[in-house]
Every structure is written in structure tokens, then in C-alpha cells.
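Work out the full structure, taking the sequences as your base and the hints as a guide.
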Amino acid sequence: MVIYRDEYRLYNFGPSHPFSPVRLEMLTSLLQALGVWREPLVPGEATREDVLSVHSERLVRRVEAASQGERVPDLEHYGLGTGDTPVFPGMDRAARILVGGTLEGARRILAGEKRVLQLGGGLHHAQYDRASGFCVYNDLSVAIRHLTRAGFRVAYLDIDVHHGDGVQWLHYEEKEVLTLSLHESGRYLFPGTGHVHEIGRGEGVGRKLNLPLEPFTEDESYLEVFEALVPWALSVFRPDVLVVQAGADAHFLDPLADLLLTTRAYARIFPLVLEYAEAYAGGRVLFTLGGGYSLDATVRVWALLYHVFHGLPLPERLPEGWLREWEARLGKPLTPTLHDPEAPYPEIPRRREIEKRNRLTLERLTELVRPHLVH
Amino acid sequence: MLVKDVMRAPVLSVGPEWTLEDAYKLLLERGIRHLPVVAEGRLVGIITDRDIRLATSHLNPKGPCPGCTRVAEVMTQEVVTAHPLDPVEEAARVMRERKIGSLPVLEDGALVGIVTGIDLLDALLKLTGVTEPSGRLEVRLPDRVGELARLTGFLASRGVNIHSLLSYPEDGDFVRAVVRVNTLETHLLAEGLRQEGFEVIWPPKKPW
Chain V
0 MVIYRDEYRL YNFGPSHPFS PVRLEMLTSL LQALGVWREP LVPGEATRED
50 VLSVHSERLV RRVEAASQGE RVPDLEHYGL GTGDTPVFPG MDRAARILVG
100 GTLEGARRIL AGEKRVLQLG GGLHHAQYDR ASGFCVYNDL SVAIRHLTRA
150 GFRVAYLDID VHHGDGVQWL HYEEKEVLTL SLHESGRYLF PGTGHVHEIG
200 RGEGVGRKLN LPLEPFTEDE SYLEVFEALV PWALSVFRPD VLVVQAGADA
250 HFLDPLADLL LTTRAYARIF PLVLEYAEAY AGGRVLFTLG GGYSLDATVR
300 VWALLYHVFH GLPLPERLPE GWLREWEARL GKPLTPTLHD PEAPYPEIPR
350 RREIEKRNRL TLERLTELVR PHLVH
Chain D
0 MLVKDVMRAP VLSVGPEWTL EDAYKLLLER GIRHLPVVAE GRLVGIITDR
50 DIRLATSHLN PKGPCPGCTR VAEVMTQEVV TAHPLDPVEE AARVMRERKI
100 GSLPVLEDGA LVGIVTGIDL LDALLKLTGV TEPSGRLEVR LPDRVGELAR
150 LTGFLASRGV NIHSLLSYPE DGDFVRAVVR VNTLETHLLA EGLRQEGFEV
200 IWPPKKPW
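Chain order of the listed sequences is V and D.
Under numbering that gives the first Met the number 0, the first residue of the first sequence carries the number 0, and numbering increases by one thereafter.
Under numbering that gives the first Met the number 0, the first residue of the second sequence carries the number 0, and numbering increases by one thereafter.
A portion of the hints provided could be inaccurate.
Unchecked claim - Pairs of lysine to any residue residues, derived as SDA-like cross-links and limited to a Cα-Cα distance of at most 25 Å, are as follows:
id, chain 1, residue 1, chain 2, residue 2
1, D, 98, D, 58
2, V, 331, V, 319
3, V, 355, D, 125
4, V, 113, V, 63
5, V, 355, V, 168
6, V, 331, D, 206
7, D, 205, V, 214
8, D, 205, V, 36
9, D, 204, V, 174
10, D, 24, D, 47
11, D, 125, V, 168
12, D, 3, D, 109
13, D, 205, V, 332
14, D, 204, V, 343
15, D, 205, V, 215
16, D, 204, V, 231
17, V, 331, V, 19
18, V, 355, D, 200
19, V, 174, V, 15
No lab work stands behind these hints: they were computed from the structure.
So this is what it looks like as C-alpha cells:
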């Protein structure tokens, strides 16, 4: 089941902001041009109460006030009105619409649906008391809380290139939520957290896992540690459902970060996630989108996700008409195939060293959580 | 950052008449390594887990007798101390030069705290740590008047808030500045800085 509504595109920080609604417009038009688009389920908006299940009243009040153009003197203290997360008219409702989609996904899972793809959301930086890094309300955590309140054990997998800090901190002391984030090391990239030693607190100890990767990590090394870590953690924790933040910004074309995944890695990761869901989570999986700031790469990665999700064969070339239309609109050439070309970037001289360091990080993480991570 | 910001207080101490056995038990129970020795309200020495282990070793020519040896016989009597208002870096320098693991902190002759190597590591973590969601810029500046101001001025002009700034000297009259800023878009900032002639070490320019 796919969840989507056009109003997701109201979540718009302005024409020069990287978290652009154009990504959704391009993606849906591409899927239509490919002839694979099926009518999605149109979700309702989340209520204020839904949002308050993970956020503070004082944050929500400020988002509401700023949405109506009121002057709020302490906005910056709440992470709002900054260069990354500026305020815009209607922001509260736009953010609640995204939350509504992910929450609807959780409700469908509870109603017996196995696989849900929410074509939006994934705002993993938003914290209890503050907006952060393009994220106003944390749709993932609202959905996760809805699932845990219904008695589900939730495993959260975050493949966005940035650490899933908001989700991690919101569930840091919860034993029924396993968070698993693979990201470019916080030593180099926003938000700066996501070290191996962040393993949870109280009842949550050993259930918050972070695999910070070296800048310039490539497909092979990423998949090596991914395939070693993720099935192991899931097989031990045995969740009832897998919630996946499928940000596409670990792609080598991404202008904000420094990992070097190609579409070939994603073509391996997405089927693996479905396999893991079958093997360890009763087949239940809820995907959201997330970061991804190269329009060219992001749209292809998410189109790939859509195809894998539906078990469709992958197209090779993208439709000519669609390419012409978007190249004209964006004023730059696009990759004409779903996959990246072979060897799309120069060889990385430090490759072996990077692979070794990622392996070592995985070892450290495993040593740290193994004594705590039990069903 | 001052010694009073990182020291431990209140501080556990022993008397010179304590036996090594009792002092060692206290160290073990509390998971600590250093005990100031106090007599009549004045600091008269310091004893560490290492002092006790050496004194009670079978290699000790007098033979081990933890129950009959007094702290006063083993403790270091000339204690190097700190004041609560000493800068942390001064405490670190003294500990490094004397190669010692802790400094009792005295104010008007009274023992008010203790600072150990671990506390200084905490201070280092605090100075270099990430307390707010932020991106990281690393810039190599010529070591001359106004360069840091030019850097921070550029960031201010872009509406970027600086959460922390760490700088240290490099060979060849340069200063390395590591700045944590409240934005994901550090690549964009780096590009702007390069256009202004800054040497940006991180994030790197991508050749594709």
C-alpha cells in the first residue's frame, strides 16, 4: 500500500531550500510516465494531539504562532526561523499533513497491512522540544509511538546519510524501540551525534545502535557492514514491525554529504530490507522518504524503491518525454537511466583504509551492544 | 574554564593514622584512586592506590603488612595543590610536568575538592564535544590579525550561528579553526568561503 497526497508539497521552505517539494513532483510524474503509478491511499492530517504524543506543547504553540505570521521572539531557541528551518505560512498544517501520512501507515500496519510505503515524511531530526535540520514535527516518532502504544515492538532503520538523532533521543530510554542508524560520521557531518557509544539509557540500553561511516564510503563497504549489522540486530531484537527512513542522500551526487553510494547499492539495500522484514518482523514494514538533495539522484533512488516495493522489474531508461520536460524545467541534464553509469566518479585512493575503518567501527559497536541487546 | 568547574566536591579523605588496609578498602568501595590525607583540618599528604599496592607488594623488602602499616608512613608529604580559581589548563600543565594523577584543591588552607586526570578528560570532551545539532567546518587561517574575525564575520553574514569554535596553532604560521555551525549546508558555506579566499579543509570540494 502506498500513501501519498499532493498537499505533502505544502511543506516548502522556499525555492532555494534543498528540502524541495519538487522532489515529490518529479518522482510522482516519473512513476506516471513509466506507467507504474497506482492510486495511493490519501491520508488525513495528524491532529495536534497526535503531534503532542512526541513533542512539547511549547514547541507546538510556537510552530502554530509562526505559521500564522505572528512574531515569536524566542523562535530560534526552538530551532525555528533559522537558515535550515525557516518559518513559512501554514507550516504547522503542512508538517501535520506529513505526520498524518506516516501515522496512517502505522494505523494500516496495526489493521493488518504488511507493507506500507509513505511517499513523504522521514523528518528524523525533529526533537521533543525543538525543530532541527529541515524537520519541524517528527512523523516517524509519532508513528512509532502509535505502534508501541498498541503493544508493538518497533525496529527503526535509518539509512539517511545524517544521523537519525531526533528519533534516537525521543525513544532513548524505551526498551520496545530498537533504533539503527547508518550515517556519515558525526565527526564530519550534521548533526554531529550518532557515535557508537550512544547505545541508549535505562531500559533502552543496547537498543540504540549507531554505525558512523567514514566519508567517501562506497557501495561495497556500506553493504558489507549493513549486511553484517542489520540482520543480526533484528534477529536478536525480533520486532513486530520495521520502520524505515529511506533518505537518498548517501548517494554520491548528494550536495550536502560525503558518502558515495550508487543506485546499485540501493538496488541491493531495498530488497534486503524486505527480506529482513519477512525474516524478523512478521513481514511488516513501513517505509518513509527522507533526505536527498540531488534531484537527479534522489528521484531515481526513490523510483527504484517504488519498483522494489511493488516487485516490479526495474526500467533501464527513463521516459524521453519526462526527461525533456524536467531537463527544460531544471535547466540541466539528468541521468537518462534509472541506474547510475558505471564508475561514475574517480577512484578513491583511500578505499582500503575506509573499508578497514568501517569494519572496525562495526566491531566496536557490536562489542558495546552485544551484552545488552536481547529480545 | 576553571578548576572549580571541573573538580569533584565534596572530597573523601583519610587520617594519617589510618591503616593501609582501611584506606585501600575505601578506594575500592568508592572506585577512586586518590585520597588526600587530612589531620586537624589541614592537608598533610596524599596517598594513591599505587602507593598502597607498592607498599604492600611482596617485592617490598620489608614485606607486606597492610594491617600494621599507617598511611603516614607511605603517603606523599609534599602535596602539589590547586586553587578553585586556577584555570583548567594550568592544572593540566602542573599534572603533566610533575607526572601526577590528581591535585587536591585548597581554599584558604581548607580542602574543598580534588581534580584528577579523568576530570581533565571530561573538560576536553566538553570543549570538543557536540552539544547542539550542528555541522562542522574546518578552516586553515594565516596566523595574523583579523583572520578569525573575517571567518566569523562571513558566517554571521550568512545568518549562521556558531555553537562552538576550537582553534590551535599549526606549523608554518597557520591556525586551524574547527567551527560547529547550526546548519546542514556546510558544503554551501565551504564553497562561499573558498570564493572569499579561505582554505577550507572540511568539507572537501568534490571533483564531480
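Inset, instruction - Would you pick out the hints that fail for this structure and give their numbers low to high? - result: Those not satisfied are hints 3, 4, 5, 8, 9, 16, 19.
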